[in-house]
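A.B. asks: Residue strings, one per chain:
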Amino acid sequence: MSRHEITLTVNGRRHTANVEARVTLVDFLRDDLRLTGTHTGCEHGVCGACSILMNGKPVRSCLIFAVQAADADIVTVEGLAPDPETLSILQDSFWETHGLQCGYCTPGMLIAARALLNETLSPTEEQIRDAIGGNLCRCTGYKPIVEAIKLASMRMRQSNEAGGKYAGAE
Amino acid sequence: MKAANFDYSCAASIDEACRLLAGANGEGRVIAGGQTLVPLLAMRLARPALLVDVNRIEELRGIELRAGVVAVKACTTQANALASEIVREKVPLLAKALSFVGHTQTRNRGTIGGSLANADPAAEICMAALALDCDIAARSAASERITPSAKFFQGAMTTALASDECLTEALFPIWKGEGRTGTGFQEVSIRRGDFALLAVAVQALFDDGVCRRIAIVVGGLGGAPVRVHAAAAPLVGTRLEPNDLSRAIAALQGSIEPQSDIHASSDYRRRVAGALLERAIAEARSDAAKV
Amino acid sequence: MPAPSEFRYIAKKRRTKEDRRFIAGAGNFAADRTIPGMLHVALVASPHAFARIVSIDAATALTLPGVKAMVTGEDFVRATEPLMSGLDVPKVRRYPLAVGLVRHVGEWVVAIVADSRALAEDAAELVDVEYEPLTPIMDPEAALDAGALVVHPDHGSNVLFRRKFVWGPVEADFRAAEHTLSFRTRWNRSSTVPLETFGALAAWNPATQLLDIWASVQMPKYPDQLARALRLPGNAVRVNFDVDVGGSFGVKRGLKHGVLVGHLARKLGAPVRFIEDRLENMRGGDAQGPDRIFDMGVAFDRNGIIRSLRIRALDDVGAHAGRAPLQLGKPVGAIVGPYRIGSVEYEAISVTTNKTPQEAVRGFGQSPTNFALETAVDRVAQALKLDRIEVRRRNLIRREEFPYTIPSGSTYDSGDYHTVLDKALARAGYDELLRRRDAVRDAGKLAGIGISCCLEPSGGNASFEPLFNPKNETTTWMEGCSIKIDLTGTIVASMGTSSSGQGHETLVATVIGEILERDPETVRVVHSDSLTAVPSNSPVGSRMAIMLGGAAAGAAKKLKAQMIAIAAHNLGLAPGVVVYNSGDVAASDDSARKIAWDGIVEIAHRKFHKLPPNTEPGLQVTHAWEVPTGGTLPTPDGRVQMYPCYAFEAHIVYAEIDRITGEVALRKYAVGHDCGTMINPDIVHGMVYGGIAHGIGAALYERFAYDDSGQLLSGSFMDYLIPSSHEVPDVEIVDHCTPSPLTAFGQKGSGEAGYLGAPAAISSAVNDALAPLGLNIASLPMTGPVLADLIAKTQGKTA
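Residue numbers (our numbering), protein chains in the order written: chain A, 1 to 170; chain B, 171 to 461; chain C, 462 to 1260.
Since the hints were derived computationally from the structure, they do not count as laboratory data. These numbers were taken from a predicted model, which means no experiment stands behind them. All C-beta atoms in this analysis are idealised placements derived from N, C-alpha and C, irrespective of residue type, glycine included. Hints may be right or wrong, so weigh each one.
[As the list claims (entries may be wrong)] Okay, the calculated bits of chain A under chain C, using three or more residues with CB under 8 Å as the criterion: (1) 6-15; (2) 40-54; (3) 67-81; (4) 112-118; (5) 129-142.
Go ahead and model the full structure; you've got the sequences and the hints to work with.
C.D. replies: Here it is as structure tokens:
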């Protein structure tokens, strides 16, 4: 087994760590960096609970080894809010529509939604369902999540939040 | 589901990747996007001693238009291929196939080369490659070679690639000839984005309504995808009238050996293959007729 | 009873408190907690469906660096009590690990403990278990045969429970009826499969002789059962309920997990954590669900009135008893559905096979039962060539007939089924749907409309326990809540169970806010632990809105009375002539003469000299209460009041089916839902949406499939197919409110909403679509390939 020194940026902070090759990115985030907001639901790349943004793109962090993420720019759910006391418009919209219940799929949904809204602030329902099509939820039946994303897109179009960007978007 | 231990090396060049594979004496495995490989590692169904990461090799990224051929480098992500103007214009069947592949998140990491090298029986990219007579280039420390896709896909998860070879690029020939090319890709899966229960890929060249050339591939049969010449050849020179189509469907259904599994019976797959052939041909025909 | 609009906070739109931490990624799930020195568990699972364990050799495994220990079933036999079963089957013993025999593929055989999960898995691979395979029994009907192989040889047969109940003059009603029909329905094995697997962390403190447990659990009497199994006094086990559970929907019973880590923590003197991976979960965890065959007989008259039912329910519980067999008992409380059916014969049979054991699943058996009942109603309509809706109208209990007692002894508290059905039909645009369906059919395609009218019994009076096991005379189904107002005047309420997305904190805060007329935002609700909490029976049986809501209301009322008494005393008035308004108390004839909330708090906490005589200082109360209509044992012929409150749902579904692929596209979905007063509408609607998604999964996609040798073929998410955002359509809910006379605010439960009626409605739509082909399908799931193969057969071709 090999160990590797990696440096990567997570939610705007640089981290250097020494990791075993076989440690997945999700386990590294959760266990080494104590960012437990990203969850594992299957560990074989189907459920999407582990979704994060890597270099701006939504990916499944259970299917990436931490070593493969060297020099990457990672954003997790913890990086979506401007600060710990404030919520982003997207997160607040999930709260408004009750777009969650148990909260387990929620970080992945937020990441998928964030990625979609980075592409377009006027997504159609089809585009929304497609963006979260790789994220399973057992609680909500998806409708309140779709409504949250619609609400967020409307509010973001109208807000001063520059283009809906957030810490780490660049 | 934690993977068994392995050594990991990130190659900076194709040569380095090949050297590393050679040094691993058959116990090495290439990783690019990892969307197929990592679940196998997590379930300990694959246990390589060495993982050779090729995903940072610049020479393995990109899509080039060369003389009569679209070259898709192995580590081009599925997302980038789907978004590529060159692919949409010159290899539209590949673009259509890509729209059925997985989800946004898997396409952001999964690569064209990875899909070809893994050869899942229901992989849409493999079907498109076979339909288009794609040539697959691979390199090892000792040699470079190009394998036609007809020889490349040998069975379920089995290709012509040797354990010390790295797939470098896929060469998709662009159809030439008088007339208009149309494509059709039809798939049935249980859920959107799932592996195909059955899929049919068609590319056809129409000259004033007459079919001059047509390629038909069926995937999801349980083994390698199948290029069905028996169905395609008799269609050349016809106007694809109902009789012609019926014969083609019968020929296709007669020449495939679909497997049964917990999701669908072989009878189902055979029936659906016929229906999807009809739909794919109709799609190709109307695609060709578009201005 | 106030109408919903007359409440201040109840029934109003309100954000769910719990959501705030989840959207920030700050949930507190079982796998999120670490304790220094924590060790990790991985399991060695059986590859055989049925086999004798010949030997276990972990010598090599234990030599790996970082590997600390291994345990087998024998360790648990020595050190623990078997896990409790709800039935009287003392010879059907179960421990966290297999003992002597493995009885299903994936059964846990050896537990390895190591410094990390990865190391534990490395070691698990090196454990050498020698098995002597036996022939497994995989079919529940074969399991009934006298000569069948027996999964628990000491028990002597595969029958865990068998009883035939006869309520009313069934024989006579069948003879007198103008028509009868019979059919079988098959609910193949599926479950609610939460996204989070089960996780448990245990830490034993020898200095305080206390075992701490954090677990993602949803299980009544969990602390008690853990303590008994671990041979510890109850007050030596502290189950911490401030753990967020990532969905449970019934299944997370966690006894074997809790006993496993609890035992290991004490044995090894270190905290031990076990988080199931998905494979361990699907094959060997608390994951699988109902697997049921119904044989139905229906007696009815030419006008569609159903006189009597004969129901034989055979449930394949798998290799161990668990909680599953009791799921044949709960539906007794709604055995005739929402219909005025006069007599019922119900034979309930629970058998063991070599499959993974079922656990409790949302609805506790009601959904498969509703599926069978609604199929019966559709078949009656079909036989008589009557409209399916009209047949329902004729049989539905009428508004003026409530409270209505059904033959098996339960009384339905209230309802207005016809109105809810009408509302659902209107929301669905039923007439337009008919036109649309017929136009699509004219174009040669398959289309159908489905209907279901189903009950959601709620309140969790688990009379099925004594019903199915007369030795168990449990009739107490209580819930408690304690509230205090502290020195600063802020309110803290405490509940004694964990939650898995139902918004209980919001429920309690809203109820307390309503009674005390204080903004629910200012009420903090904490999940305490089993040592400090008032007893709770957990969120099961759609009981929390009723029971926790009632407990919180009761406690709040006590506090309010106390505050009024203190204020009145200090105003020099009798309590009857003061008015309480938003926490301030004033003379009813002079609003200037008042004491504000803060003043009352001051007096209560600091100014003993100003308290009325014989008043406790401070402001803290506990209220615990018994489930309404509870407290009675079943009669000898098995009649008993089951749950107290009956919510109702009417589903209308329009579907189109692709003839060749068999894919069912749900193009329109409307549901009328009546759970009385909705304390929080968003939370209730969320339950309905989610329950329908579960129902869609059970009806069209999900199946735990086994082959003849007992191998589980769908043991990961690659083959067990959970509906995504593409498979669950937009659902429209139309609410109705028929309050319950039994609860604090007229609320009924809604935790199982949607799931109880969706499979029936979708099956009804599929059957309507396939009726022109002469097909009747009564087996779930109805996947595309299954339907397509059936359709192809009718057209005389198989390929």
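A.B. asks: Are the hints correct? Go through all of them and say.
C.D. replies: Do the hints match the structure? See the list:
1. Chain C is given as covering the stretch 6-15 of chain A, and this is violated because 0 residues of the stretch bring a CB closer than 8 Å to a CB of that chain, at least three being needed.
2. Counting residues of the stretch 40-54 of chain A whose CB lies closer than 8 Å to any CB of chain C gives 8, which reaches the minimum of 3, so the coverage claim holds.
3. A stretch counts as covered by a chain when three or more of its residues have a beta carbon under 8 Å from one of that chain; for the stretch 67-81 of chain A and chain C the count is 5, and the coverage holds.
4. Against chain C, the stretch 112-118 of chain A contributes 0 residues with a C-beta closer than 8 Å to a partner C-beta. That does not satisfy the three-residue criterion, and the hint is violated.
5. Only residues whose C-beta sits within less than 8 Å of a C-beta in chain C count toward coverage, and the stretch 129-142 of chain A has 13 of them, enough to reach three; the restraint holds.
When held up to the earlier numbered hints, the structure conflicts with 1 and 4 and fits the remainder.
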